[in-house]
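Peer 1: Okay, here's what each chain looks like letter by letter:
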Amino acid sequence: MEDIKKTVLEYVIEEYVEDEDEELTYDTPLISGGIVDSFSMVSLKRFLESKYKISIPDEKATPEAFDSVDKIYELVKEFVKE
Amino acid sequence: MSNIGSYEKRVKDFNWSISEKELGYKEGDVLNIGWYCSDRICQMGKANKPALIWDGLGGKKSSYSFNDVRLASNTIGAFLRKIGVRNEDRVCLFLDKIPELYLGFIGILKIGAIAQPLFSAFGDESLHVRLENAETTVIITQRKHVSKVRKIKDKLPDLKHVIIVDHDGKKPLRDGEMIFSLKEETPVEEFEIFPTKAESPSVLHYTSGTTGQPKGVKHVHYSLIGQYLTAKWVLDLKDNDIYWCTADPGWVTGTSYGIIGPWSLGITQCVLDTGFSAEAWYKFIEKHKVTVWYSAPTAIRSLMKAGDEVIKKYDLSSLRHLASVGEPLNSEAVIWSKKVFGKYFLDTYWQTETGAMMLTNFPGMKVKPGSMGKPFPGIMAAVLDPKSFEPDGEPGKIGLIAFKPGWPSMMRTYWNNEETYRAKFVNDWYVSGDRASIDKEGYYWFVGRDDDVINTGGHLVSPFEVESALLEHEAVAESAVVAKPDEVNMEVVKAVVVLKPGFEPSEELELKIMNFIRKKLSPLAMPQETEYVDSLPKTRSGKIMRRLLHAKEWGEEIGDTSTLEGEE
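Listed in order, the protein sequences are those of chains W and L. Counted from 1, the first sequence has number 69 at position 68 by this note's numbering; the numbering is strictly sequential. Counted from 1, the second sequence has number 592 at position 160 by this note's numbering; the numbering is strictly sequential.
Here chain L stands alone, though its shape is the one from the complex:
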C-alpha cells in the first residue's frame, strides 16, 4: 500500500493541516527546518539510524547517523555564530556533494541564517553575480574551488569570510580566509537553535530568466510543510527505505528532496559524489540496496544510451519506486525503465519558484508515458489562455501552466527584485512560464517554455547571461544564444556569432569560445555549437529576433516577420 493511498480521496479530503499535524506544528510555533531534519528525528528514537551514506572520489566513504547530523550541524552553526553570522545573513555553500554540504545546510538553518547553495561547477562570473545580488557575507567552500572565490573577492564588499573545509595547511591563507575542519572541532552537544517562524527566510536558490541577471528565489521555513508531504506521498518514502536523490543541492531538487524531504521524514539517504558513469550508478544501487531513486531525464537517457547489457551485471532488485524531475521525461524513457527495471520512472513537475512538487504521477495511478501527471492534492492548477489569462478547460488545448498562490513552499519573493516577482502573477494566478495541455482525464502534457530560457539537462540557462559573457570575448562583436535540440539533454546552448573585424571563423576559435564560457559561467552554459554569421536578424528598432533563430533550429514556422529589419 502506498503512502498516498487513493489519489481521488486525498484530493477530496485534502488540507495542508495533515502535514502540520504529522510534524506537530501549530500556527505561530517556532518552525526551524534544521531542527526538524535532525533533533526531532533523534527525539523520535532514531538517533542511531543512518541519515547519510556517502561515497566519494577515490573510494572515500563515510556515514552519518541522525545524531551525527545533529551534532555536526550544531558544530557548524556554533562556528558560524562565533565569527559573527546572524539570523538572515546569507551563507553560501559552494561545495561538491561532500558531507559538509548537507551538514552545513542544516547548520546554517539552525542559526536562522539563509542557506545559499550554489552549483560548484559555476565559473567566477556566475558566482560573482549571485553573491553580489545576495550580499552574501560568508562562503563555505573547498580547496579546489577557492581560486574562483579569490578572483572575485575584492569585488564583493559584503563577503567577510571564506571558509575552507578541507585545507591541509600546506599553502598560506589569504585575507578573510579561514579553515574549518569538522573532524578537528569538538562536537557541540547543547545548542540553542534560532527560533525561526513559518515566514522566516530559509533558502535562496538562483534561477535564470530570459532577460536580466539570475534571480534569487527566496523560500521560508514553512516550505517544510509542502516538502515533507510531497516526499511522503509522491516519493512514497517509508521508514525502511534507502533513498537516492541524484540531484546536486546547488539546485532546488537537491535541497527540497535531497535534504529536507527525506530527513524530515527520518529516511536514510545515499549520496554518490563522483562523475557520471552508468556502471558506477548501477554499482551504487546494488551496493547500498537503494529502494527509492529520484533522478533526472538527462541521466535516464544517458543510462539508456549505455545500453541494457550493463544492467544485467548488477542486482538492482532492491529498487521499488522510481521518479524523475528536471525536464519532461519522454515516453521512450518511461517505457524503457519499465522494461529494464520493472518499474516506470514517474515524472514530476515543479520549479525552483514552487519549492515542491506541483504536478506528478503518483504511486498506484495509471501511467501515461510522457505525461507529467496530475496536480498534487491541495494544488489548484490550470492551463491558461495566453491572451486572456483565464483557464481554458478545453482538453488538448495548449496554454500556460499556472497555479493559484498559497501553497506552503511557494517562493516569497525574488531577492532584491520584487517587481519581477510581482510580474509572475496575473489574474491571481502564478504563471510558470511553461506551456502544456490537459487531456480528458486531467493529465498534464508538457509542450515547452513560453520564453527563450534554455532547459539543458534539467537546468535553466539564460540566453541573456551567455550573450553578455560572449561580448567579453575578444573576437565577438554580437551574438544571439538559442536552444538547440539534443537527444540526451533535451536542449543545449547554441551561439550565433558575428565576429569582429580581423577574426576569421575556425574550429580553434569555436573551441576557445566554448572554453571561455565554460570557465566564466558554467559547463551548462557552454555553447555546444557556434554558428558564424555576417549579421543577426533584428527588428527595425534593433532588437535581436531570437525567435527566428530558434524556429530555424527546431524546424518550426517562422511566423510573423513584419517587424524584421529589411522586410517590407
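Just chain W, with the same shape it has in the complex:
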C-alpha cells in the first residue's frame, strides 16, 4: 500500500509540476495549492482508476479528497482490494 503514495507522488511531479524547483511531499496541497487545477483533476482521477483498476464515484472525487497525496492515498485505499 505504501507504494501507492510513492507512485502517485511521482506521477504528480512528472505530469503536473511546472516549477522544477518545487519540492513536493505527501502532504503538499495539490488543488488548493494550485498545482493541480479542477479541470486537470479529471486526468488525475483517470490515472488512479486506470492504474489501480478501480472506479472512483464522482461524489467522492472532490477537490478536498484530491488535495494531497496523503488524501488521495486514503481515497484509493477505500477501493483497492488487498
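None of these hints come from the bench; they were simulated from the model.
Partial chain L-side listing against chain W, Cβ under 7 Å, derived:
hint: 1; residue: Thr706
hint: 2; residue: Ser709
hint: 3; residue: Asn947
All residues carry an ideal CB built from backbone N, CA and C; glycine is no exception.
Got chain W sorted already, so can you dock chain L onto it with the hints?
Peer 2: Quick look at chain L alone, frame taken from chain W:
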C-alpha cells in the same frame, strides 16, 4: 438604495455622457486607464485606501493602497520604457493571480503599450499562437512558467525580452531573460504617463472561434466609459465595499471587472490566488468581510456540490450583492444562492468582444431565475431571425443575440484579422454567436451557441484548435471535437478519434491523449472523454459533420443528413 435606482428611468434618460462626466472626461482629452485607476483615485483623496488585498499560496499575503498601486505601476512602466518598450507594443502578462499581474497591467497601460494578459495554465502551443499573432515584444512571467516560454522563444522573432518577476538568482538566465523585482526597485514617484486618447489601443484578449486560430480582441482606452458605469450600476459598487471578482485577468472578466471597473471607482478589492476549495472561498469571504462578490456559474455549482453544511461554519453576513458571469446561470443555482446566502446571484451576459456587460439583472429588478436579465441602459439589443437577420420581436421565439454597434467598450477589431471582425456585423448589427429568446416582459433567456465553440466553465474552447493539436499525437489519424454536457462546467470537451494503424483503444491511451492536450493547449481544452471510432461522419466533400456528433451527445434531433457521405 442601489446606484442604478430605477432601471426604467435610467433607460429613458440614458446617455454615455453620464459616465464621461463622472470621470471628468471630455471628447478629445487624454484618456489613460492606468491613470484613472491609480493617480486619479489618489488625487481624489484616497491615496491611503486599500486597493488590493491579496492572499496567495502557503499563507502569503500582501496589501497595496492606491498610492502603492500608483508607485508600483510607475516603477513597472519606467522599467519597460528603459528596455525600449514603446506605445502600442504588445506586452504579455503570463502570470498567476499575483500582485505583479494587477500592478503590471496598470504599468503597461500607463506607457501606452498594449496589455496582453494570458491565462497562466496555457500550454506552450496555446501561448505560441497568441504571442506570434500579436507580435509580442515582451513577456512578463514567473519562474514556474518560464520553461513554457523557453520552449517557444526561438520561434518568436519579435519577442525580445522575457521578464521574470520572482527569480531567486539560483539558476542562470538564458538569452533575452531578465529579472525584475518590485521589492528591489526604487519606487518611481514622478512619472510621465503616455497621453493616450479614447481610441488608443489598451488591451488585447484572445478568444476562440469554431475555425481558425484564436482571435485577438483589440480594446481601446475609451472602454473605461462602459466598464466604469456597468461596474457602478450592475455590481452596485460603493465606496465602503470590499469587492471580490474571482475571475483570472487572463480572461476579459478579470481585467474589465477584476481591475478596471473597481479601481476606476476607487473600490477595495480582494484577490485569492489559490486553487478552488469551498472551505477556502468561504473562509476568504469571512476573513475579508467581502460585500460584493462577482463569480462564475461553474464555481457556484461547485459550491453547491460541496453542500450547505460547510457554509454554516462561516460568517458570510457581510455579503450584500452577488453577480455571476461566464455561461448561463441555471435557475437551481440562483434559487440555491437565495437559500444559503440570502441573496440571489444575478446573472450578467457579455463577451470578450463586448468588453463590458450587455444584458444583466440589476439590483432591485424582479429576478427571474435562469434569465440573463435586460439590456444595460444605452445598449440596443435584439434577437434576430437567423435567416433575415432582422429583429423578430415575437416573445419566446429563438434567434441570434445581437447589439447595435457603438457602445464604448466594443472591440475595435480582431488583431491582424479585419476580415473576421467585419464578418461579425450583419445588417448593422453585431451578431454575438449566441442564441436566446425574449419573454413578454423583455427578459432575455439563453439557449446556446450558434456555432461549435465549446463553453466550458465559462471559457470558450475552439474545436478546431483541439483537433489540430490531436493530429500531432502519434496515435491519432483523425478526430472531431464536440461539447459534452456536464453538470458543473455546463460543457466539457469530448474527442471522437480514429486511430492510426498499429494503435489500439485503451484506457492508457486515453490518459496519454488527455495529458498531451492538457500540456500543449490547456486543462480547459483537455478531452474529458475520448471515444474511439472506425470513421467519422463526413459530407460527400469530405468535411467532418460535427453537428451529427453533437446531436448524438446532447440527445437532439440529427436533422438533415442528405449531404452525409454514404447516404443516398
